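Student: With the hints as constraints, model all of the structure from the sequences given.
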Amino acid sequence: MSTPAAGGSALSGSAYPDLGDLSRIDLADPMLLASDRRYEVWDRLRRHRPVHWQSVADAGTADGFWSVTRYADVCRVLADHARFTSERGTLLNLLGRRDPAAGQQMAATDPPRHGRMRLPVQRAMGLSSARNYEREVRAGVRLLLADHAAGGPFDAVTMLAGLPLTVLGPLLGVPTADWPELARLAAMCTAEDDPAYQLPEGAEATLRRGHRALFGYFSDLARKRARQGGDDLVSLLLRMDVDGQRLGRGAVVSNCYSLLLGASVTLPHVPTAALAHLAGTDRYAHWARRPDLLNSGVEEALRWASPASHFMRVARHPVELSGVTVAAGEAVVAWLGSANRDPAVFSQPDRFDVRRTPNRHLAFGTGRHYCIGSHLARLALRLFFAELFATFESLTPDGEPVRVRSTFLSGYQRLPLRGQPRRRDER
Amino acid sequence: MTTAVSRDQLGMSSPYVPPEDELEHRLAQLWGARLTVWPIGRHDDFFQLGGDSLLAAELQLDIDQALGVEADIATLFIAPTVAELADAVRELLPPSRAEVPAPISTIGDPPVPSTVGAGLPVSPVGEE
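Residue numbers (the numbering used here), protein chains in the order written: chain A, 8 to 434; chain B, -7 to 120.
Derived from the structure by calculation, the hints contain no laboratory data. Treat the numbers as computed from the prediction; the structure is a model and nothing was measured. Note that CB positions come from ideal geometry on N, CA and C, so glycine has one too. Hints may be right or wrong, so weigh each one.
Covered by chain B, according to a simulated footprint, are these stretches of chain A (three or more residues, beta-carbon under 8 Å) [to be verified]:
#1 104 to 113
#2 227 to 237
#3 253 to 261
Tutor: Structure follows, in structure tokens:
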């Protein structure tokens, strides 16, 4: 049985067993990613088809895409910016389309320009900045938990929806009254297939509407900052000098958009994925009793959740990956979620181990485009779990969890839990 | 210098309706300069004309600077036509200025309005 890859593969199909079955896998199907079946599919791809071509009918100029699922290949694709460009779409939903943000938004810009844009923002979002925000973020986290501190049922997803803006809101200088709407629009842009966010007009319209509304919001914010000045990130982007020129207004707004989506994707979905696994077991209490394992446990939660399932790159030159030649101009989707379960790197990858060290997970990506908000995200996650453990003695499931339907975002749309508050003298 | 694309090449879903008053003409000029498309009809959708969200943010700044008012931002991103935008701008203009918003020299010369249009040279607004 042999199915020659449509994208210029050098390998014949006979090199792999189970081919017929694997050939029918649709990695662009949001339903697959929304089920635990994805781990089984990724596992089989890692073993039998580490570089896998999938044809796609309706994707602009592209006729399909490659998927890489092994840790080593995912690292290579993300880190080798000389061979893989970020300027022709970085997410599957941009496959075969022109990315208007190319060269303007950090995530869609290759070095060396990328570095000149990133450095000032990175400084503002770095470790020292994270420390400055600690008190503010802790207060925000306590506020999220406060409503449920007395115990009883709650939806962890609803509770955590406020976390991204708790962290990013002060940095961008966004008024707190706007946070819920921004969170909703961000969800429309990252999980457009999900019935909870989808407009009656469909996924495409949902993505378009959310995207434009956010651009409109940040255009308005940039207007105000341009007039009044400020020491927030929007003002920094407006003042920034890249290669002797100010960033255009489109670039400023596009970077704000990207920062918001980045935060919205990572933050809420890391604790929910961990809690979905820990609730109702004694693993929650075990971790809660060990403050010395807070940091390693947060890294494990990041690995476990891998909320950004994939990033896409386009090969600039022909490249060989695990014995398969990818032709110039072809798209390669690097599945972070799969790399983070690769047994070649993580022993017992399907075990949630709060002691796991080393834990070189790729939840924040790798290479030059490594998540710019990682310091702030880690801070927020550590504070969240510390406050959660101080609040609840135990957590139990309180209904069926519902996963987000998306090819990009891995997480929960609903996670009903019931909290047993700690007695006061224990806190 | 960029060569403008003719509107006819874009396969627009609605027929061409020319801008009506001076404000609409002025807005259409700003759109044409940003999009390098000509001519711009008053009911044409910005995104269908080849615009994207980044260009919309640039165009919003062009309009703010050229007209000296900051129209509701949702218009350009959610209901993006010259006619809708003119309505939003008109609400903000003082009655004395409602007729003719004067071009501001610092943003470069707008393209010459023309119904022939195709191949007209356009200097993008704001480029230095």
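Student: For which of the previously enumerated hints does the structure constitute a violation, in increasing order of number?
Tutor: none
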